[in-house]
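Visitor: Here's the letter readout for the chains.
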Amino acid sequence: MCRLAAITSSKYFSPLENVMALETMKEGHDGSGLGLTMKDLGGHFEELKEYPILSGICSKEGAKTLDDFMDKAGFKLIDVWAPKIKQLKGITPRDHYFARIYDYPKSYQSKPMKEKEHLLMNIRLTLRKIGEPDESIFAFSFYPDVITLKEVGDPLQLAEFFGLDKVHLKAKVIFAQGRQNTNYAIYLYACHPFFIQGYCSMTNGENTAFVPIREFLMSRGFPGYIGYNSDSEVFTHILHYSVRQLGLPLTYYKDVITPLKDKEIHTREDRDVLRLLKQSLRPLCIDGPNVVIGFTPDGTCFMVHDSKKLRPGVVGGVEGKYALMSEECGLDSIIPKRNKSEDIFPMKYDMVIVKPQAEEVKVWSQLQN
Amino acid sequence: MEPATKLDYNHQLSLKELPYIIRWRDDRCTRCGRCTAVCPIKAIEPTVKVQRMVMSEGPMPTPKAVRNIVHVIEQVTDINRYCTGCGTCTLVCPNDAIEPEYNPNNKFLHFKNRGGESYRRGGRRNDPSISTLDRLKFTRISMLTDPALDAGRHEFRIRTLLGRILPPEELPLKKTNGKLIIDRENGNFIPPVREIFPIMIGSMSMGALSPSMWEGLAMGVAYLNEIDGLPVVMCTGEGGVPPRLLKSRYLRYIILQIASGYFGWDEIIHSIPYMVEDPAGIEIKYGQGAKPGDGGLLMAQKVLKLIAGIRGVPQFVDLASPPTHQTKYSIEEAVAKMIQSMSMAWGFRVPVYPKISGTKTARAVLNNLARNPYAAALSIDGEDGGTGAAYNVSIDKMGHPIASNIRECYLDLVKQGKQNELPLIAAGGVGKKGNLAANAAALIMLGASAVSVGKYIMQATANCFGDEYNRCNLCNTGKCPRGITTQDPTLYRRLDSDKVAERLVEVFRSANVELKKIFAPMGRSTELPIGMSDGLSIDDKAMADRLEISYAC
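Quick mapping for you: the protein sequence lines, in order, are chains H and D. Under this note's numbering, read the first sequence as residues 130 to 498, first letter to last. Under this note's numbering, read the second sequence as residues 23 to 575, first letter to last.
Keep in mind that the hints are not guaranteed to be accurate.
[Claimed, not checked] With a cut-off of at most 20 Å between alpha-carbon atoms, the simulated SDA-like pairs for lysine to any residue come out as follows:
#1 D:LYS440 with H:LYS438
#2 H:LYS243 with D:PHE130
#3 D:LYS201 with H:LYS193
#4 D:LYS38 with D:LEU195
#5 H:LYS484 with D:ILE163
#6 H:LYS484 with D:GLY200
#7 D:LYS201 with H:LEU496
#8 H:LYS438 with D:PHE130
#9 D:LYS440 with H:LYS437
#10 D:LYS196 with H:ARG223
#11 H:LYS390 with D:SER164
#12 H:LYS193 with H:SER161
#13 H:LYS437 with D:PHE130
#14 D:LYS201 with H:TRP493
#15 H:LYS438 with D:ASN135
#16 D:LYS201 with H:ASP401
#17 H:LYS491 with D:GLY200
#18 H:LYS390 with D:LYS196
#19 H:LYS437 with D:ILE249
#20 H:LYS392 with D:GLU217
#21 H:LYS438 with D:HIS176
#22 D:LYS440 with H:GLY350
#23 D:LYS201 with H:GLY353
#24 D:LYS38 with D:PHE130
#25 H:LYS484 with H:ASN468
#26 H:LYS437 with D:ARG181
#27 D:LYS201 with H:HIS395
#28 H:LYS437 with D:SER164
#29 H:LYS477 with D:ALA170
#30 D:LYS196 with H:ARG373
Hints listed in this document are in silico derivations from the structure and should not be mistaken for laboratory results.
Turn these sequences into a full structure, and let the hints guide you.
Guide: See below:
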């Protein structure tokens with residue numbers, strides 16, 4: 130089972146905190162990979178918030194292909210950030226780990242964000258398509274104010290490998306996943322967190338309903354719903370589909386993946402809406418075992434469980450800094466000085482929502498009106 | 023030189039030509055006569071024979087040949103009175119003195135066309151081999167990484183949807199004060215959708231079935247819904263509904279079938295103003311898996327007063343529905359007119375869907391329906407489906423297996439992104455070997471939203487003798503020895519409708535548990551695993567490729 134460490138804060142903090150939480154939660158875990166998604170970036174990136182950042186990995190040949198492609202696409206390179214790699218035993222370094230900051234092509238500069246998002250996603254997908262056969266390019270995210278780092282290996286070692294303890298890389302929302310490899314060969318595109326157009330999620334557990342969900346998403350006619358090297362990628366895409374594409378309020382994400390039973394729906398004011406959603410989104414119902422931690426473009430973070438709460442998950446902290454963790458010891462390591470009696474262990478009907486800037490935490494229940 | 027009289031036997035059949043040979047034991051038989059009285063087609067008869075016996079009396083052996091007149095039970099060799107193997111004789115025999123034995127070397131079909139009349143029968147395809155459905159295995163078992171669910175303790179929701187489901191993008195929703203509500207002014211049609219148990223009772227008509235059988239099924243269905251909370255629905259088949267049921271609240275568990283003969287629909291249409299509940303659905307029958315290309319057929323001997331009354335026809339005439347709906351010249355016609363007029367009759371509150379026989383052209387029908395927003399589902403009936411009466415050649419040789427048919431239709435819908443919009447109902451051979459829940463689960467995982475089952479229900483609830491060795495299969499003759507498919511009161515009195523209802527309840531309770539036992543280890547509980555094909559494997563590579571599932575051996 131993967132270990133999940135998400136932190137949201139009103140102040141910038143280092144991803145090392147997440148990695149230390151993963152380390153605390155490591156017992157019984159093989160630590161076969163690390164995925165980091167950082168949003169609302171500080172330090173070097175604070176001045177560049179409106180520019181899209183392409184995060185990924187490439188080989189030497191891939192770097193040239195990438196440059197040529199981005200040039201042709203009209204993107205102007207503004208800056209490049211790269212981790213200072215430290216050679217470590219057991220981790221085979223790839224040629225280039227990068228976060229490249231671009232300016233939009235001239236024709237897009239005054240276009241609405243939705244169109245820009247569409248362009249960025251298509252560029253990322255094309256790069257993925259170009260680089261995937263020979264693994265010369267991996268493109269994880271291409272979006273303003275978001276950086277993604279992924280690699281195979283032990284999370285703590287990888288933090289050292291990337292020099293996270295030395296570089297001045299900070300953000301206000303950081304998601305980290307310590308990968309427990311199970312069903313699939315270790316492959317970077319199978320590594321959480323997954324990101325699409327401002328929506329991000331990571332999950333522990335398997336997804337038994339994967340195939341029908343994948344088929345449903347892939348048949349929506351939306352080009353971004355591809356990949357699925359991990360059965361958990363669908364959780365991100367369901368989030369994106371429900372909230373961005375269908376325009377449902379965030380809480381309906383819970384109603385989509387774990388719909389209420391008919392007699393329970395009856396107690397809700399919006400029962401007519403729920404019934405229709407339950408029917409129309411029937412293939413997106415999950416059965417777990419999962420806890421899903423995600424964020425939306427405005428920086429709201431949330432945690433939900435499958436309908437039987439078959440995986441652990443806890444949310445706790447203080448005003449201005451909250452952590453959403455798969456295990457309580459991870460939370461203890463990050464925010465030890467908190468009122469533990471206020472920790473939230475969401476149950477099967479709950480969705481824990483942490484507002485942007487870690488302003489407040491709310492527990493929304495599917496059974497409430 | 024051979025005596026001329028001997029040649030007279032040449033026009034007679036030997037017992038070896040017949041499909042079943044009666045094994046009668048002289049030493050056990052008490053000559054009570056029950057077997058001959060009960061035999062539905064008089065394949066056995068009591069007869070008198072002269073028997074030569076060697077006797078000896080007294081202290082010393084003094085053998086003498088004597089001739090006794092003995093009473094025996096003899097099987098006739100008349101092809102019209104062939105032993106069907108039903109075994110009713112065995113059932114009534116108090117002394118285990120008689121039983122039919124299947125004769126695999128029979129030449130029955132060589133002769134069962136006397137008078138130029140082709141062999142007609144009931145039942146289903148005489149193919150005892152293991153069907154594709156029974157070869158499918160559930161192989162993706164949740165182990166450790168994704169703990170299996172507990173069929174006994176976890177909450178399960180074994181339900182499916184019958185009705186056209188709107189694509190999420192077209193839901194008439196709007197936000198008001200941050201809340202999501204239904205936009206009633208939007209004018210979009212919200213189709214009726216029923217939540218039902220995924221195993222439906224397939225269309226068996228009043229007329230094909232005896233009053234006891236039909237009543238038993240209807241009672242069982244009502245009990246399942248009202249007491250057990252299992253929303254099981256049954257389809258009427260073509261032939262109407264008892265008027266009292268039409269006007270009762272139990273109509274909501276009934277799917278009314280309209281077929282090409284429109285039998286019973288005069289009564290139904292006239293009852294609409296008096297209905298207190300809408301029916302569960304309307305099934306428009308375009309085809310039947312057991313006999314593609316043939317319409318319904320109710321033989322004259324079954325058209326008695328009650329049936330003639332319900333169907334609005336004279337007594338004792340063959341009721342042969344045309345193979346197609348004569349008023350429709352194309353599928354566009356059928357879809358545009360029939361679905362819409364049936365929907366309109368109930369104010370668009372009832373799901374209306376067509377049923378076709380399994381065919382290579384199913385996808386063409388499907389694609390037509392996919393574009394019609396009023397089509398509520400598509401039911402596909404595979405070649406292993408049953409029938410009350412059809413030509414043997416149609417039953418045995420016509421049709422398409424359901425597994426690949428349903429799979430290709432589902433994958434076609436996936437390509438169009440409509441896999442959740444138009445539910446597929448799979449039928450034909452579900453439970454053929456008794457594996458009702460397993461067959462249903464396999465079809466669901468291939469892409470069906472629900473399955474429809476008839477023959478298994480007759481076998482399990484009323485002890486129908488029929489099997490794939492052409493046992494009994496007398497449904498068409500009105501001589502059903504179990505009282506299931508007859509209108510003869512002396513026969514259907516044998517069937518206790520309460521017991522049929524009880525058995526129906528037991529069958530569905532047990533299927534409900536078995537479905538959980540299949541889905542739980544695969545980690546599914548809150549929704550039906552429709553299209554969860556990664557859970558299936560088969561031990562044949564070609565079949566695996568065709569069904570786009572994995573091969574396991």
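Visitor: Starting from the hint list further up, note which numbers the structure goes against and sort them upward.
Guide: Failing hints, ascending: 1, 2, 3, 4, 5, 8, 9, 10, 11, 12, 13, 15, 18, 19 and 23.
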